[in-house]
Amino acid sequence: MYTLPSKLKLFSIILIVLGLVGITYGFLTTPKTVEDVKKIMAEQEAHHGEGHAVESHDEGHDASFVDEARGEEGYAEAAMEQAADTHAEGHSVSHEEHVLHQLQTRPWSATFVAAFFFMMIALGVLVFYAIQYAAQAGWSPVLYRIMEGITTYLLPGSVIVFLIVVFAGTHFYPWQDHDLVAGDKILQGKAGYLNFPFFVIRAVIYLLGWNLYRYFSRKNSLAQAETNNYGPYRKNFKASVLFLIFFIVTEATMSWDWFMSMTPHWYSTLFAWYIFASMFVSAITVIALVTIHLKNLGHIPFVSDKHLHDLAKFMFAFSIFWTYLWFGQFMLIWYANIPEEVTYFIIRIQEYKLLFFGMLILNFVMPILVLMNSDYKRIPWFVVIAAVFILVGHYIDIFLLVMPSTVGHNWGFGIPEIAAFLFFLGLFIFIVGAGLGKVSLRPKNDPFIKESENYHF
Amino acid sequence: MSSHYEAPIREPLVLGEKSYHDISVDVGAPVLGKANKSWWIVFTIALVAFLWGLGCIIYTISTGIGVWGLNKTIGWAWDITNFVWWVGIGHAGTLISAVLLLFRQKWRMAVNRSAEAMTIFAVVQAGLFPIIHMGRPWLAYWVLPIPNQFGSLWVNFNSPLLWDVFAISTYLSVSLVFWWTGLLPDFAMIRDRTTSPFQKKIYGILSFGWSGRVKDWQRFEEVSLVLAGLATPLVLSVHTIVSFDFATSVVPGWHSTIYPPYFVAGAIFSGFAMVQTLLIIMRKVSNLEAYITVLHIEYMNKVILLTGGIVTVAYITEYFIGWYSGVPYENYTYLSFGAATGPYWWAFWALIICNLIVPLSLWVKKLRRNIVWTFIVALIINIGMWFERFDIIVIDLSKDRLTSSWTMFQPTFVDIGTFMGTIGFFFVLFLLYARTFPVIAQAEVKTILKSSGESFKRLRAEHGDD
Numbered sequence: 001m002y003t004l005p006s007k008l009k010l011f012s013i014i015l016i017v018l019g020l021v022g023i024t025y026g027f028l029t030t031p032k033t034v035e036d037v038k039k040i041m042a043e044q045e046a047h048h049g050e051g052h053a054v055e056s057h058d059e060g061h062d063a064s065f066v067d068e069a070r071g072e073e074g075y076a077e078a079a080m081e082q083a084a085d086t087h088a089e090g091h092s093v094s095h096e097e098h099v100l101h102q103l104q105t106r107p108w109s110a111t112f113v114a115a116f117f118f119m120m121i122a123l124g125v126l127v128f129y130a131i132q133y134a135a136q137a138g139w140s141p142v143l144y145r146i147m148e149g150i151t152t153y154l155l156p157g158s159v160i161v162f163l164i165v166v167f168a169g170t171h172f173y174p175w176q177d178h179d180l181v182a183g184d185k186i187l188q189g190k191a192g193y194l195n196f197p198f199f200v201i202r203a204v205i206y207l208l209g210w211n212l213y214r215y216f217s218r219k220n221s222l223a224q225a226e227t228n229n230y231g232p233y234r235k236n237f238k239a240s241v242l243f244l245i246f247f248i249v250t251e252a253t254m255s256w257d258w259f260m261s262m263t264p265h266w267y268s269t270l271f272a273w274y275i276f277a278s279m280f281v282s283a284i285t286v287i288a289l290v291t292i293h294l295k296n297l298g299h300i301p302f303v304s305d306k307h308l309h310d311l312a313k314f315m316f317a318f319s320i321f322w323t324y325l326w327f328g329q330f331m332l333i334w335y336a337n338i339p340e341e342v343t344y345f346i347i348r349i350q351e352y353k354l355l356f357f358g359m360l361i362l363n364f365v366m367p368i369l370v371l372m373n374s375d376y377k378r379i380p381w382f383v384v385i386a387a388v389f390i391l392v393g394h395y396i397d398i399f400l401l402v403m404p405s406t407v408g409h410n411w412g413f414g415i416p417e418i419a420a421f422l423f424f425l426g427l428f429i430f431i432v433g434a435g436l437g438k439v440s441l442r443p444k445n446d447p448f449i450k451e452s453e454n455y456h457f
Numbered sequence: 458m459s460s461h462y463e464a465p466i467r468e469p470l471v472l473g474e475k476s477y478h479d480i481s482v483d484v485g486a487p488v489l490g491k492a493n494k495s496w497w498i499v500f501t502i503a504l505v506a507f508l509w510g511l512g513c514i515i516y517t518i519s520t521g522i523g524v525w526g527l528n529k530t531i532g533w534a535w536d537i538t539n540f541v542w543w544v545g546i547g548h549a550g551t552l553i554s555a556v557l558l559l560f561r562q563k564w565r566m567a568v569n570r571s572a573e574a575m576t577i578f579a580v581v582q583a584g585l586f587p588i589i590h591m592g593r594p595w596l597a598y599w600v601l602p603i604p605n606q607f608g609s610l611w612v613n614f615n616s617p618l619l620w621d622v623f624a625i626s627t628y629l630s631v632s633l634v635f636w637w638t639g640l641l642p643d644f645a646m647i648r649d650r651t652t653s654p655f656q657k658k659i660y661g662i663l664s665f666g667w668s669g670r671v672k673d674w675q676r677f678e679e680v681s682l683v684l685a686g687l688a689t690p691l692v693l694s695v696h697t698i699v700s701f702d703f704a705t706s707v708v709p710g711w712h713s714t715i716y717p718p719y720f721v722a723g724a725i726f727s728g729f730a731m732v733q734t735l736l737i738i739m740r741k742v743s744n745l746e747a748y749i750t751v752l753h754i755e756y757m758n759k760v761i762l763l764t765g766g767i768v769t770v771a772y773i774t775e776y777f778i779g780w781y782s783g784v785p786y787e788n789y790t791y792l793s794f795g796a797a798t799g800p801y802w803w804a805f806w807a808l809i810i811c812n813l814i815v816p817l818s819l820w821v822k823k824l825r826r827n828i829v830w831t832f833i834v835a836l837i838i839n840i841g842m843w844f845e846r847f848d849i850i851v852i853d854l855s856k857d858r859l860t861s862s863w864t865m866f867q868p869t870f871v872d873i874g875t876f877m878g879t880i881g882f883f884f885v886l887f888l889l890y891a892r893t894f895p896v897i898a899q900a901e902v903k904t905i906l907k908s909s910g911e912s913f914k915r916l917r918a919e920h921g922d923d
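Order-wise, the sequence lines are chains A and B. Heads up: the first sequence is residues 1 to 457, going by this note's numbering. Heads up: the second sequence is residues 458 to 923, going by this note's numbering.
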């Protein structure tokens, strides 16, 4: 039986408390009025001397990024309309009000990035788990309890994410602003999908579907340990297949709802699968980390370095897969350079250049270099190094999904972001630790467990 | 590679009381025996179709591309449809041999040889189209970056059509090497079993003096693994690049970021359907039912279900985002309300019925394990995937931005004849292959006989498995 080591437990509680304080601080210190914004901007200007950076931001607004990119070549009136939503309120409000809105959004975005990052790890692990069942995998049953332990976080994590997306309102989703929609033909056209009641109903469906599968698969998996027939296993097989179908559809709509609709004029068909790749590789990485942790403490003697090798292979392969999808989306939009689509990348490259390209090094180059060698994949500390690269890289990936769309160039990496990350990290460790501790880590009576324990290659 | 222990719950992959010797005899039989009458009949039909197609190609090249049904709006139709269709079919072979090797799927061993053969023959057919659809195919070598006397005039590396050249040629060569490497031990088996001195000579040359020493096997396995690791990204990138032909453009319906993974999933979907079509017949006529079992067919059907599901989600995504984008032009793309009700409604619904609705029947276990039904579904998918490419290319082109250039496409007999010709050529090659190559990787099947053979599994059940 595993119990979260007391030091780790204390550490996680400290993280939670610190994070909570930081998040509260972030929400309390946002400017309240346009006057505050003017003061902040004046301070910034003083700070920057001639105020070069601020200036360029300011000018960028009316003209928007599309204009900057297209210069004097000319562009369609419709494209202008499309591009107007890089700043949610269009042209009707003053620049200060716009900045005020973005500054007020920042703690929301910071919290959401971290909340979603940890939730998607739990969800990704659940998908990996379902795939293992559906594929009748012979190597991974020894890891079932570990995966189930990690997915304990899904319920609290997804509820928090749900609350954030429902209550964020126009901080995230400009289409929830009635005045804006009233003056925007494109958004009116989308109102059949992008409307608040339907948005909430969809989110409830995702939440129910994912958590119900988590609940029943765990129940069946534990029941299997108590019986000698394969009844619970067969039920789990069926449930997993159904869940995977449910998941591939809801994952797509979830991505459109929660992320793509942050810039409601923009669209990309690949988007949903791209987010899935990020989710999946981070999840496998966390399975590997937890496995290494448990192995170090001697709780899972039946898991060998061969199992770690396989996990590391998946980390390696899905890092490449993520890059493939990233490139597919980026290159096609860059190549065709259609104004209404390209805005998405223009803001990310202009305002987030280091993160945008740095992420590629963390998510692609480093895992390739570290995990290419077959022997290295069996050395725990090597896998941990790769894991750190991958997890930091995919945190940045989620950061880049959210921040440019919500706070635009008024982003930073300070107390709100760090605090939110620490809070959810603490919560994740605490809940997963408790989840791992409830039952024996050795799954019994699974039809493939013996194959899995004898597994070597 | 893999553990010798196997969970009793797994179904056997080799049926009957087979020994190592039986495997060699069963696999060698079609090669060492004589062709029967029906083989000659089918071969003649395929050959006639091939020759007819060859005539059409020669006619096209000597007369001009205008003998096809293309017009000024629709500059790509059957040519590129067939190209993408054939390349897509080829992908299952690499998937079975490379991806399933990486995932340690033992069932691949009975089907990988034929799937790879299918890959190579399909890529050969595909490779014809980029050449013959050119207006001046005799200048085709200009696509290669060769130093020349035009001030070293080079190609522009920005075109996905050039990437196609590299993708397809690399794909063909790597697949060929991968296939041939796997064939060495099997050719050696034929060489050692044949009594005819002529065959001995030929298979002696083909097997490169394989003698099956420990060191050879060790390296053989390592090479297979490395090639599988390289072929997997290759197979993804090749069809991705094919998809870029469309997705990099600004044509409504073509410009869509989901194309790379969606084309790859569609390729595997159609490729597996073709493998089913071929193997269901082959297991019967070559008496290989003990190796290509109902279980194999069921597994392949599951892959078809999976990739078909992915393709379906992509259809839904395309349809949804087409509406969601709010771009009016998107209403005339291949997956739109406009396509469903427009002049190409029949092509739209052929796609939906063949690729989306009929394969759903495979969710029923009885139908999934029913060989006749599988054969029918596989044929329907092959037709459906042809329509998918036709719809993408022709429907999207037929109604582009300017209404003044809207038009329809009518194929001529030369379009159709060329396509029929490639099908004939494919079967000529495949039929010759089935008579001269060991169609099952016997060396690989022997490695799983004791863990997954029916009689050995029974022995283990009787005597305990420890």
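Hints may contain errors.
[Stated by the list, open to error] Per the computed footprint, the stretches of chain B lying under chain A, defined by three or more beta-carbons under 8 Å from a beta-carbon of chain A, are:
{"no.": "1", "region": "760-774"}
{"no.": "2", "region": "867-879"}
[As the list claims (entries may be wrong)] Part of the chain A face toward chain B, derived, beta carbon under 8 Å:
{"no.": "3", "residue": "6"}
{"no.": "4", "residue": "8"}
{"no.": "5", "residue": "10"}
{"no.": "6", "residue": "13"}
{"no.": "7", "residue": "167"}
{"no.": "8", "residue": "193"}
{"no.": "9", "residue": "249"}
{"no.": "10", "residue": "338"}
{"no.": "11", "residue": "351"}
{"no.": "12", "residue": "448"}
[Claimed, not checked] What follows is a set of in silico ranges between Cβ atoms, one per label pair, in the way DEER data are often shown:
{"no.": "13", "chain 1": "B", "residue 1": "668", "chain 2": "A", "residue 2": "372", "range": "28 to 34 Å"}
{"no.": "14", "chain 1": "B", "residue 1": "823", "chain 2": "A", "residue 2": "228", "range": "51 to 57 Å"}
{"no.": "15", "chain 1": "A", "residue 1": "444", "chain 2": "B", "residue 2": "682", "range": "32 to 38 Å"}
Since the hints were made in silico from the structure, they are not lab data. Heads up, the beta-carbon is just placed ideally off N, CA and C, and yes, glycines get one too.
Which numbered hints fail: Of the numbered hints, 2, 3, 4, 5, 6, 7, 11 and 14 do not hold.
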